[in-house]
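Enquirer: Sequences listed follow chains R and H, in order.
For the first sequence, position 65 (counting from the first letter as 1) is numbered 65 according to the numbering used here, and the numbering increases by one without interruption.
Count along the second sequence from 1, add 282, and you get the number used in the numbering used here.
It is possible that part of the hints are untrue.
Stated by the list, open to error - Quick list of in silico lysine to aspartate or glutamate cross-link-like pairs, EDC-like style, CA-CA up to 20 Å:
#: 1; chain 1: H; residue 1: Lys482; chain 2: H; residue 2: Asp406
#: 2; chain 1: H; residue 1: Lys356; chain 2: H; residue 2: Asp406
#: 3; chain 1: R; residue 1: Lys263; chain 2: R; residue 2: Asp275
#: 4; chain 1: R; residue 1: Lys109; chain 2: H; residue 2: Glu518
#: 5; chain 1: H; residue 1: Lys349; chain 2: H; residue 2: Asp304
#: 6; chain 1: H; residue 1: Lys361; chain 2: H; residue 2: Glu303
#: 7; chain 1: R; residue 1: Lys138; chain 2: R; residue 2: Glu170
#: 8; chain 1: H; residue 1: Lys540; chain 2: R; residue 2: Glu131
#: 9; chain 1: H; residue 1: Lys540; chain 2: H; residue 2: Glu515
#: 10; chain 1: H; residue 1: Lys540; chain 2: R; residue 2: Glu170
#: 11; chain 1: R; residue 1: Lys138; chain 2: H; residue 2: Asp406
#: 12; chain 1: R; residue 1: Lys263; chain 2: R; residue 2: Asp249
#: 13; chain 1: R; residue 1: Lys120; chain 2: H; residue 2: Glu518
#: 14; chain 1: R; residue 1: Lys98; chain 2: R; residue 2: Asp49
#: 15; chain 1: R; residue 1: Lys222; chain 2: R; residue 2: Glu152
#: 16; chain 1: R; residue 1: Lys138; chain 2: H; residue 2: Glu303
#: 17; chain 1: R; residue 1: Lys120; chain 2: H; residue 2: Glu515
#: 18; chain 1: H; residue 1: Lys356; chain 2: H; residue 2: Glu303
#: 19; chain 1: H; residue 1: Lys388; chain 2: H; residue 2: Asp406
#: 20; chain 1: R; residue 1: Lys144; chain 2: R; residue 2: Glu131
#: 21; chain 1: R; residue 1: Lys44; chain 2: R; residue 2: Glu33
The hints are simulated quantities; they were obtained by calculation from the structure and are not laboratory data.
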Amino acid sequence: MTTSHAQPASLASVASARTLSQPGTALLGTGLETRGVHAWFGKKHVLSDITLDFAAGTVTALIGPSGCGKSTFIRTLNRMHEFIPTAAMAGEVLLDGKDVYAPGTDVTKIRLRVGMVFQKPNPFPSMTIGENVLSGLKLAQIKKSNTDELLESCLTRAGLWNEVKDRLNEHGGALSGGQQQRLCIARSLAVQPQVLLMDEPCSALDPGSTFRIEETIAELAKSMTIVIVTHNMQQAARVSDYTAFFLSDGGPGEMIEAAPTSKIFSSPQDKRTEDYVTGRFG
Amino acid sequence: MTQTIPTPQKPWQPTKLDRLEDLAVVLASFVLAWLSVQFTGLNGKLGFFISLFFSLLVLNFGFHFIKQGSAAAKDSLLKVLTVMAIVLTLIPIVSILATVVSKGYKGLHWGILTKDMALASVNDPIVGGGLGHALVGTILMVGGALIISFPIGVLTALYLTEIRGPLTRPIRFLVQAMSGVPSIVAGLFILSSLVYPVTKALSGLMGSLALTILMIPTIARTAEEMLLLIPNELREAGVALGGTQWRTVAGVILPAAKSGLVTAIILGIARIIGETAPLLLVTGGGDALNLNPTEGAMGSLPYYIWKAFLTGGTPEAFARAWAGMLVLLAFIFILFGLARYLSGRKVG
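If we strip away everything but chain R, and leave its shape as in the complex, we get:
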């Protein structure tokens, strides 16, 4: 296969154009690791034996076709999985070396340290933009003296400050979809998580908003560990340091391959990964 110069850059070249974040360059803890994680809904086994490390200060993209368990997997990382009544799991999720499922663990503390941004923007309708950003402090009962400063820094890091600084007392519902999603990102930043999970954060957004959120991710990666589920392989190539490919052959979802992103897109080890990233299926 030959590639002419006129064609847009291939995924592999997009991915290798990034400089790989070096794990552990900042004081971010040792990161997040999973050991043999399985998940069930009722009797249905949906996720099988996932062992994956997320080094502190890196961005990891989870890719794979719909229904392969990516979302279920990241929901096990901050214990949102158990929010579904029929859910069950096995294995360990280690945050700074401690299993988040160990008996006696305070689940609210885990969710405070491992924040989450959902697929659909979900600002709290009864609160203003400013109250939305600071809602985590209220919910987790954290006392903060200088909330104005925190408000500005969170909105700035989420790339929304300039658009909303004059309308902090308006309701969040008045914003556009992309702005609402960045508001939700700002909201999860306010409680200062060390890990941020993003479940297809751009799937409901237009390209402009997507671009802003990708910029935000690049900015955030300097100070936290990010795990992002995405169906957009261009996005995975643009934003992530590492990529894990998930696949289900009708049974439970499995992790086929995990490697530095440039490697996944240039020289995948597994035939199925190659087929997926080159668009032959999925």
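Please build the complex by placing chain H on the supplied structure of chain R, with the hints as guidance.
Expert: What follows is chain H alone, placed relative to chain R:
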């Protein structure tokens, strides 16, 4: 080059001519109905309305069929039926309001809200007494019932929608069964379980408790419906920010359901504010102003109306009863208007 901006138009709306034609059809129907009353066996108001109904149906259908075809004709047919249904619904409401106002205003006077019936009988001249004691009694007893019922009702709804514990099904069944309890049974229950064995005295508090039994299921069911409308994403978002379930409910879910909860309060009050039977049994039906719910007989507006109708017989007594209804209706309107205003002000 100048750019001409066209005037904004609304081509989807009927033109002036269309409106005139529609009006003409309605007028023609009235004429046809009048003629049919004059020249056929139909007579009286009922005859006129029946023939008006059919004239409207036929003339509208025919006119639009000729003008625009069968789809528009069917549309006009349904429009006539809808308007008729609205009129039929409004007739009893307007009739009740008009009767209450026209009969009740005779019983109004300047002292009606400040005087009580301690020194007057229902047959005495109107200005000799008032219903201040009854209004105060209703406010105290309904307020007391609300203070007890609202937390219990909302907590029940939260158990059914948020906790969904093992007792969800039996509790939901119980709430439904309780909403069918006849009000006199609620009164008898308080009478036999509290008044005779414990307090041995009738009081406003007993009235509040009897009303509470009727109010809790209404509030619980309405609040449950309202909480079910809150999208699950908000619950997940709250919990994912490190909130406990209780903090998420208190900080996110209940504020989001605020106007729905106000609806629950309104429906709860509407359920009990006109209740007479349980109050007859357990309040002692006072005629004097009593601000202490725990001691002594306490009057209420429904009791005041009941007593004036039943024990009087003179025009003064009837005027008192109708004035009592007018005050009760006005009070309800003011209360609900206020509740809507307060709940609608902030949430956008």
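Enquirer: Look at each hint and say if it fits the structure.
Expert: Do the hints match the structure? See the list:
no. : hint                  : verdict
1   : Lys482(H) - Asp406(H) : violated (33 Å)
2   : Lys356(H) - Asp406(H) : violated (60 Å)
3   : Lys263(R) - Asp275(R) : holds (14 Å)
4   : Lys109(R) - Glu518(H) : holds (15 Å)
5   : Lys349(H) - Asp304(H) : holds (11 Å)
6   : Lys361(H) - Glu303(H) : holds (16 Å)
7   : Lys138(R) - Glu170(R) : holds (19 Å)
8   : Lys540(H) - Glu131(R) : holds (17 Å)
9   : Lys540(H) - Glu515(H) : holds (17 Å)
10  : Lys540(H) - Glu170(R) : holds (18 Å)
11  : Lys138(R) - Asp406(H) : violated (61 Å)
12  : Lys263(R) - Asp249(R) : violated (24 Å)
13  : Lys120(R) - Glu518(H) : holds (12 Å)
14  : Lys98(R) - Asp49(R)   : holds (19 Å)
15  : Lys222(R) - Glu152(R) : holds (18 Å)
16  : Lys138(R) - Glu303(H) : violated (62 Å)
17  : Lys120(R) - Glu515(H) : holds (8 Å)
18  : Lys356(H) - Glu303(H) : holds (17 Å)
19  : Lys388(H) - Asp406(H) : holds (14 Å)
20  : Lys144(R) - Glu131(R) : holds (14 Å)
21  : Lys44(R) - Glu33(R)   : violated (24 Å)
The structure is inconsistent with the numbered hints 1, 2, 11, 12, 16 and 21, although it conforms to all the rest.
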